[in-house]
Amino acid sequence: MRLRTSPAKLLVLVALCLVVLVELRTALAFVGVSLSIGATVAVGVAAIAALLLWAVRPAGSGE
Amino acid sequence: MPNGATFADAYPTQARHIRAAFWASFLSLGVGAFFGLIQALHRTDILRVIESQTYYTVLTAHGVFLVISFTIFFLVGVFQWAVTDSLERPPVDMRFTWGWYGLMSLGASLTAFAILAGFTDSIDVRANVLFTFYAPLQAHPLFYVGLVVFVVGTWLAGADWFRSWLAWKGDNPGERIPLPTFMVLTTMIMWYISSIGVAVAILAFILPWSLELTGSLNPTLTRTLFWYFGHPVVYFWLLPAYLLWYILLPKLAGGRLFSDPLARVVFILFVLLSTPVGIHHQYLDPGISEGFKFIAMTNTMFLLLPSLLTAFTIIASMEHGARQRGGEGYFNWLTALPWRDPAFTGMALAGMVFAFGGFTGIVNAGMNINYLVHNTLWVPGHIHTQVGTAAALTFMAGAYWLVPQLTGNRLVGRGLALVQVVLWFVGIVFMTNSMYRGGLVGIPRRTAEPQYEGFEYEVAAGSVGELNAQLAIGGTILFVSAMLFLALMVLTAFNGGTEPIDDGSIPPALSGPEDSPAVLDNLKLWVAIAAVLVVIAYSFPLASIVSRGGLFGPDIGPIPVAIDAASTVARTALEAVSAVVR
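Going line by line, the protein sequences match chains L and W. So for the first sequence, the UniProt record's numbering puts the first residue at 1; every next one is plus one. So for the second sequence, the UniProt record's numbering puts the first residue at 1; every next one is plus one.
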């Protein structure tokens, strides 16, 4: 299967997603928006799934 | 060094010496990481394999093995590589070089023995005093003797590098100091100036007191002397990481260092600014006037300057490398960086965490806001982002490039190495985010039992249970990552009959030493200015502390930390009652 990006970049992007998710929950709490663990995990799964879908989607499809 | 040759080919004896330093470092990393895992699981009450009374032995071991032994053994290896490679000459006398390594190993072994003996009752030696060994907590004299011998070893290492440079200078009159050697020499100047504080604290006060030669000491004085050294030691851990960012990262990115002069300025700023700031660790200490603390805070804020200069230079160098590799656009050049390379990715992620941790450091340094987080879990959160990642992850990533150069072997498991550095990045963010949030609501550091009966912490988001789970998950990921790193290093060491992918050459900077003023290389001048700044910052506070509490304190006896708790309580109560009766 050909990826739109290299596995290494994908790994780094997934790691960044996790990190943003953890820190975003804290940042949102400071402005009065509290995300439950369940909601945080759901957002994380959705974000990483979207990232993986983008990566495996053939380049040029949908254009 | 001939083209295509590794460091091990050009300098086999020196490579063996550096490998020995790295193995001592990696052994310490393994032991320290193991104690870190025990701690993370214990204080979160997820898995308790030790008694809470033993927690301080574990905590002391975790601190000393990682921030003293792991970091400093690694940095002497890196510095030896940097000096030998950039001066293109071996040390003047390898027996001397092995001598200081032997002293460091002896000192580390003595201190390690004093700490680890705390796990058994069959040996009457204890050192449950944590990495900061604040008096009146008292350790066995072996603990202090080991530290002194270790530090003397590092002093001699510095003397060895100065000797190499002087020999090179004799053969190359008028030449600018090669940048890697310049970085080593300036770092060692800072180390000499700052470690005098801890040497005086131990040799003049704490060691004689632990040997019962003196009956008392002044804890404010020894704490102040400790922090005189305690803040610059952070830069002693960090500057080898800076060296790798300046020297290695641009090459790994595919380019060249953006500016040699800026790098020199940064290291000189650390010589000048890193020592007269230590009192910012003592904002809550009684016995030091607020004015001195305010001056220390102001000095500390100046330290942002070299860090910001570094961020600019390193990112500019990375962008240059990416554009050499075909990267284009305002941000798209980021995708052209060699993310497959664990050495590059590890250092880049370490730099990212360092930037974040730097902002949390501003909170620590600010006198008023420090009161919110002082002695809370926030502080270990900060140290784990800075030393535990900016330095430690850079060292591990650097090892993925350096160890093949030092062994002549190809790195085993390049893909796994990438997973390892990414795991560390994720683990540290999980763990430190929990620590920072816990610290903000006042969860204390350095305790096995952070939860109190009849009291609930009001966490901004989630609960203490969630924070604990996050801390334990992060700590476990970090442990797995550390073990993976060690396994890859062992496998690489035995991967004979192979060759490293990369050659050992370091390309010259885009703006080289010829663009920097010659005064930057005038080390005597910077030493003199640094000494004046230290005298200005510390003479009045020290005089004030001594005039209030005396050199040897107002009859402060030791607090042995590993004795029968019941008898201590009984004795303290009796003393209190007798004082009241009198």
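Treat each hint with caution, since some may be false.
Stated by the list, open to error - Residues of chain L clear of chain W, computed beta-carbon distances all greater than 10 Å:
hint	residue
1	L3
2	A8
3	V19
4	A29
5	L35
6	I37
7	V43
8	V45
9	A47
10	I48
11	A49
12	W54
13	A55
14	R57
15	P58
As the list claims (entries may be wrong) - Within a straight-line C-alpha distance of at most 20 Å, the following computed EDC-like cross-link-like pairs (lysine to aspartate or glutamate) qualify:
hint	chain 1	residue 1	chain 2	residue 2
16	W	K251	W	D502
17	L	K9	W	E175
18	W	K169	W	E456
19	L	K9	W	E319
20	W	K524	W	E175
21	W	K251	W	E319
These are computed hints drawn from the structure, not numbers from a lab. Note that CB positions come from ideal geometry on N, CA and C, so glycine has one too.
Here's how the hints hold up against the structure:
1. L3: About 13 Å separates L3/L from the closest Cβ of chain W, which puts it past 10 Å; holds.
2. A8: Given a closest Cβ separation of 4 Å, the condition is violated.
3. V19: Since the minimum Cβ distance to chain W is about 5 Å, V19/L lies within 10 Å and the statement is violated.
4. A29: violated, 3 Å
5. L35: violated, 7 Å
6. I37: violated, 6 Å
7. V43: Label holds. Min Cβ-Cβ 14 Å, cutoff 10 Å.
8. V45: About 15 Å separates V45/L from the closest Cβ of chain W, which puts it past 10 Å; holds.
9. A47: Nearest chain W Cβ is 14 Å from A47/L, so the label holds.
10. I48: At roughly 12 Å from the nearest Cβ of chain W, I48/L sits farther out than 10 Å, so the non-interface label holds.
11. A49: holds, 18 Å
12. W54: holds, 14 Å
13. A55: holds, 13 Å
14. R57: Since the minimum Cβ distance to chain W is about 17 Å, R57/L lies beyond 10 Å and the statement holds.
15. P58: holds, 18 Å
16. K251/W <-> D502/W: Answer holds: K251/W to D502/W is near 10 Å, not above 20 Å.
17. K9/L <-> E175/W: Violated, at about 42 Å.
18. K169/W <-> E456/W: violated, 64 Å
19. K9/L <-> E319/W: holds, 17 Å
20. K524/W <-> E175/W: holds, 17 Å
21. K251/W <-> E319/W: holds, 12 Å
Comparing the model with each numbered hint stated earlier shows that hints 2, 3, 4, 5, 6, 17 and 18 do not hold.
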